[in-house]
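Visitor: This is what each chain is made of:
There are 2 protein chains.
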Amino acid sequence: MGFSYLTNVPLEQARAEYLTKLLEKGFSAENETVPVSGACGRITSRAVYAKSNAPHYAASAMDGIAIAARDSFGATETTPVTLPPDRFTQVDTGDPVPAGCDAVIMAEDLVFSEDGAVTLHTSAAPWQHIRQIGEDICAGEMILPSFTEVTPAAIGALIAGGVTELEVIRRPLVGIIPTGDEIVPPCADPKPGDILEFNSSIFRAMLTGHGAEAKTYPVVPDRFDEICAMLEKAADECDMVIINAGSSAGRDDYSAEAVKKTGEVLFHGIAIKPGKPAILGCRGEKPILGVPGYPVSGMIVIEELLYPLLDAWYGRQSDTGTRTSAVLSRPVVSGLKYREFVRVRMGYVGDKLVASPLPRGSGVVSSFMKADGILEVPQNMEGFSAGEAVRVRLLGSKKKLKNTLVVIGSHDPLLDELADLLHRGDRSIFLSSSHVGSMGGIMAIRRGEAHAAGIHLLDTETGEYNRSYLKKYFPQGGVRLVRCVGRLQGLMLQKDNPLGIRCFADIAREGVRYVNRQKGSGTRILADHLCRKEGVNPASVYGYDREETTHNAVAVQIAENSADAGMGIYSAAKLYGLDFLPVCTEEYDLLIPETVWNSSLVRQLLRTLKSDAFRERIEAMGGYTLDRPGELIDVF
Amino acid sequence: MGFSYLTNVPLEQARAEYLTKLLEKGFSAENETVPVSGACGRITSRAVYAKSNAPHYAASAMDGIAIAARDSFGATETTPVTLPPDRFTQVDTGDPVPAGCDAVIMAEDLVFSEDGAVTLHTSAAPWQHIRQIGEDICAGEMILPSFTEVTPAAIGALIAGGVTELEVIRRPLVGIIPTGDEIVPPCADPKPGDILEFNSSIFRAMLTGHGAEAKTYPVVPDRFDEICAMLEKAADECDMVIINAGSSAGRDDYSAEAVKKTGEVLFHGIAIKPGKPAILGCRGEKPILGVPGYPVSGMIVIEELLYPLLDAWYGRQSDTGTRTSAVLSRPVVSGLKYREFVRVRMGYVGDKLVASPLPRGSGVVSSFMKADGILEVPQNMEGFSAGEAVRVRLLGSKKKLKNTLVVIGSHDPLLDELADLLHRGDRSIFLSSSHVGSMGGIMAIRRGEAHAAGIHLLDTETGEYNRSYLKKYFPQGGVRLVRCVGRLQGLMLQKDNPLGIRCFADIAREGVRYVNRQKGSGTRILADHLCRKEGVNPASVYGYDREETTHNAVAVQIAENSADAGMGIYSAAKLYGLDFLPVCTEEYDLLIPETVWNSSLVRQLLRTLKSDAFRERIEAMGGYTLDRPGELIDVF
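Protein sequence lines, in the order shown, are assigned to chains G and D.
Everything in the first sequence is counted per this note's numbering, starting at 1 for the first residue and increasing by one.
Everything in the second sequence is counted per this note's numbering, starting at 1 for the first residue and increasing by one.
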């Protein structure tokens, strides 16, 4: 099967033609009547008019007395007027003004005599201190026009105007049908091949945030008739339907057949990445979307193809988001055939807004979570170079980006703990870390794209860490080196060391599966150095080219019996219960440009490094030594 | 009683000291554990770590076959390698890679022979087309730091990481206690003196929108012991309590006494307007806010004094909103004693962002609803002049303001219908109208503060409408006059005309209560003209100084027997079932500056005026004649 029959329709065309066809078939919003008190955030479907006046009676606007104004005419300081008790009525604010009265005099201006009469020293203007009927709202007046969001104040105005219920656009109900034999409910211990059913939870949250209601149907196994039956049921019960295909290409075609049998398929295959195998179909006027199984693909398809349907339902303009210019930290290469959506992390370093591409796999939902923006690479464009100014669609606020400490360099799980501590200490501050290895960190600092870089680079000639690299790459200075931690590096091995590995050179033994770190990482440089030192030929090591970008990822391969050995830090071995063969203690320091040294972000970072909370967390992780973290190291 | 014992503490001071004292007493958030699938929008209370790897097994990233890579080594176009069926396994995307296999070859690259063997023409790189375990998330890694909002993608990442529930900050529960003998449930036919209980619905909507949950208690009558008992109950059951006093000063003091008896009062009387009589109290660590009964006062107090408590609960920075510079269209005079919050309508006319103050009464909830921004007049400042550049806090988006047609001038209910039709026709377009009378409209156009002004100004010498005024006020031209409607003006009278009023001059009769329009309005000019023509001395007319700013407001006074007669248009008389003594048909035209003539907003306005929908609505209202609406009138 494969994707051979898929079309490759440009996104705009598919979106526009799909909507046009749906509208032709009668796709449109329905309305419902709801009580005013629960209508906040809803959208009126027609103009709402007041049923009564607010206030609905002439009301005193003060505490005091109500009188007929003409009774006070002529009163002055020298010629006061005295009113007997039957010529006035005491009123509190909000009380009705009695018939025959047309003015209120404030309590502060009154002098009462013992017989209960009141003496006035100024004459009252007719209607003074009286809230006229309808001052706020007149019966019959339009309170809200059509297609207007009901705000808290509007709720007050509606109730004040005697309106107790109103007609609003009904929230569209979107049915979500998860399919696939291998799909299992969320749990902590799935079996190999099981795929946790989390897409419907993501989709539900997205839909709810976009004004829809979601109904998730039970998982349907990969049986054509059952899928068709569920599609029919959902299309009967809902306003729109999402069928979430498994991740296999074969299954996508299967969904398309089912949509075709239930209704019709308008498009199958859109020129976007991720999201290409999307199906745009319908049953009568009801949209049926086939959404790919990879979560990121699914999210992109919902954003780009389902949100416009929700916008059309509500008759609102699509929110195209805020776009901003940013400098790309690494190149982005993209195919000519698709428009590609690349998630990026962002941050201001000085005045420069830097965008770093995140891993692009369509299964990598964590990169969607970490994204601060989306970079679109248009169809027929090969991508962008590093350093190029690109337009990015922001997912958060610029304010957050200005308060984000950008850390690019060597990976250590302590960076996550540091991020948490920083944010706990000052909730306006965020730390975003990218793992590109120590050398990548040095380059990012040279290009002015990071506030800090974690580095642990061994000078194999001197045995010294980091200093000689700084002298080489920053001959003019301009950077400072800050103590962070000493950490124990070594060979991580499966629990109880079943292969009996005793030294680094054993990684070249027959039957040992090694897993490596990426080139440019300090740990890779260490491994290469050990190979030379121990006379190991890397080409003879199985898996020496198998690269992971974090200590944890290396440890996971070993813990899950996908590899037998890999270099990493003790805390990672400890986290996954691995055996550990110590090799050395290295200095993991933070490199910081002088240009940002005095920024509040960096100052807060240094304070956190020196804190007891940091020490406690680091000690709990194991394998670290702390020697005055946050202090400057003399380099130059 | 009165307000004599109230303090007048500056807002910032009250806010800061109140929060400090609450924190000293132990005010702080509580946490709760919730299922991940329902956690969207919640805030983590601590860092969340993955429990399992995602993917949790090495998975094929393609449809094809899984092999041991070494079996393919050496394969080229000229020296292909053939694998028998027992040396490979067919896999679909997402399938586990079988033990012993470390590479996947795409289906497209395979050639099968009849005996089921497969021939390869290139060698496979180890681990190609395989999603490594933990590619997305490694067990033990931090997925979300503390105090972070859970997004749809985060829900996916959490479930993928084996997390099924997590700890989030519990939404604070705010108890709302409405009080007052005169408070009645929302209805369409309240009795005089009844006050509809809509504050709790407004407050509930505000609180919900700000991350809290609200619990509204039954209305408590004005009995001290009952109020104290309800305060205790609410403080026991909730995290914060709002006691919503009636609008009378006396009752505010009553609430303060009750808060004092239940706990303590920290402040009573804040230097803000509206909102001065607010009470900041507590019972132990639980805040109790006394919120004034006038809805606008209550909303300001909740925004300025309760929102900061919710922000403190969540540990988030207060959202101080977007501020922008605008030109004030009318002066704002404010007292020195308070910081005043003035609601303004806003709109761009050309490049000029104009802010027009809305009615400031604290009972006028409709002005809060109509507001596009809030202008703060600081304490110790007398206000701002017309034309002054002021800083305004935006309540909506600038984009909306740029799509808002600003109409300032004479009132006619047809403007609301026009607003509705315009917005129905193009939901990105809004119309905002302010009623300042025909002369006010001419002045607004002269100052460049409106796109259009409704005017109906009678030249009493020629009997002609509008033209001579334009020649006088726009001697250089620069404006165009557009036909809108002819409308029937006359004397509106109580139903069945109980006083037997037969002509305009009868308004001066003893016992007739007249209600007038404001000076500068076309209708007032007409009334003044009729007085001169009919020999009526305005000083002898009861209520001639009683001014309302709309036709509807005049009609309401008559319909509610608060007046007997007033000038107005037929449609208003019809709406309220009044008798009507026709006086003349006048031309109600729209004055439009040439500078905005070609704007899309004005073009859409003209199209709407010419539409059948406009004709239908106008005909339904009654008393209008339509003669080519939307066409230009030759003036100069």
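Just so you know, the hints here were simulated from the structure itself, not pulled from any lab data.
Do not take every clue at face value.
Stated by the list, open to error - Which bits of chain G does chain D cover? Going by a derived footprint, with three or more residues having C-beta under 8 Å, they are:
#1 87-96
#2 411-420
#3 516-525
Said to hold, decoys possible - For lysine to aspartate or glutamate, the following EDC-like pairs were computed, each having C-alpha atoms within a straight-line distance of at most 16 Å:
#4 D:51 / G:189
#5 G:399 / D:319
#6 G:370 / D:264
#7 G:610 / G:627
#8 D:370 / G:141
#9 G:400 / D:560
#10 G:398 / D:319
#11 G:51 / D:189
#12 D:399 / G:319
#13 G:574 / G:627
#14 G:574 / D:560
#15 G:352 / G:388
#16 D:400 / D:351
#17 G:21 / G:264
#18 G:25 / G:285
#19 D:21 / D:264
#20 D:574 / D:560
Unchecked claim - From chain D, some residues computed to sit far from chain G (all C-beta separations above 12 Å):
#21 21
#22 75
#23 119
#24 149
#25 226
#26 233
#27 284
#28 311
#29 367
#30 378
#31 380
#32 478
#33 486
#34 606
Every residue, glycine too, gets a C-beta built ideally from N, C-alpha and C.
Visitor: Look at each hint and say if it fits the structure.
Guide: Against the structure, the hints:
1. 87-96: holds (count 5)
2. 411-420: holds (count 5)
3. 516-525: With 0 residues closer than 8 Å to chain D, the stretch 516-525 of chain G misses the three-residue bar; violated.
4. D:51 / G:189: holds (9 Å)
5. G:399 / D:319: holds (11 Å)
6. G:370 / D:264: It is violated: about 46 Å lies between the C-alpha atoms, which goes past 16 Å.
7. G:610 / G:627: Distance of about 10 Å is within 16 Å: holds.
8. D:370 / G:141: Answer holds: residue 370 of chain D to residue 141 of chain G is near 14 Å, not above 16 Å.
9. G:400 / D:560: Violated. Residue 400 of chain G to residue 560 of chain D sits at ~55 Å, over the 16 Å cutoff.
10. G:398 / D:319: holds (14 Å)
11. G:51 / D:189: holds (9 Å)
12. D:399 / G:319: It holds: about 11 Å lies between the C-alpha atoms, which stays within 16 Å.
13. G:574 / G:627: The given pair, whose Cα atoms are some 22 Å apart, is violated under the 16 Å limit.
14. G:574 / D:560: violated (81 Å)
15. G:352 / G:388: holds (12 Å)
16. D:400 / D:351: Holds, at about 14 Å.
17. G:21 / G:264: Measuring from Cα to Cα gives roughly 11 Å; hence the hint holds.
18. G:25 / G:285: Measuring from Cα to Cα gives roughly 5 Å; hence the hint holds.
19. D:21 / D:264: holds (11 Å)
20. D:574 / D:560: Distance ~14 Å between residue 574 of chain D and residue 560 of chain D Cα, so the pair holds.
21. 21: holds (22 Å)
22. 75: holds (18 Å)
23. 119: Given a closest Cβ separation of 19 Å, the condition holds.
24. 149: The claim breaks: residue 149 of chain D does not keep its Cβ more than 12 Å from every Cβ of chain G (closest is about 10 Å).
25. 226: holds (19 Å)
26. 233: Fine: 22 Å to the nearest Cβ keeps residue 233 of chain D off the interface.
27. 284: Nearest chain G Cβ is 25 Å from residue 284 of chain D, so the label holds.
28. 311: violated (10 Å)
29. 367: violated (8 Å)
30. 378: Given a closest Cβ separation of 24 Å, the condition holds.
31. 380: holds (23 Å)
32. 478: holds (31 Å)
33. 486: holds (22 Å)
34. 606: holds (19 Å)
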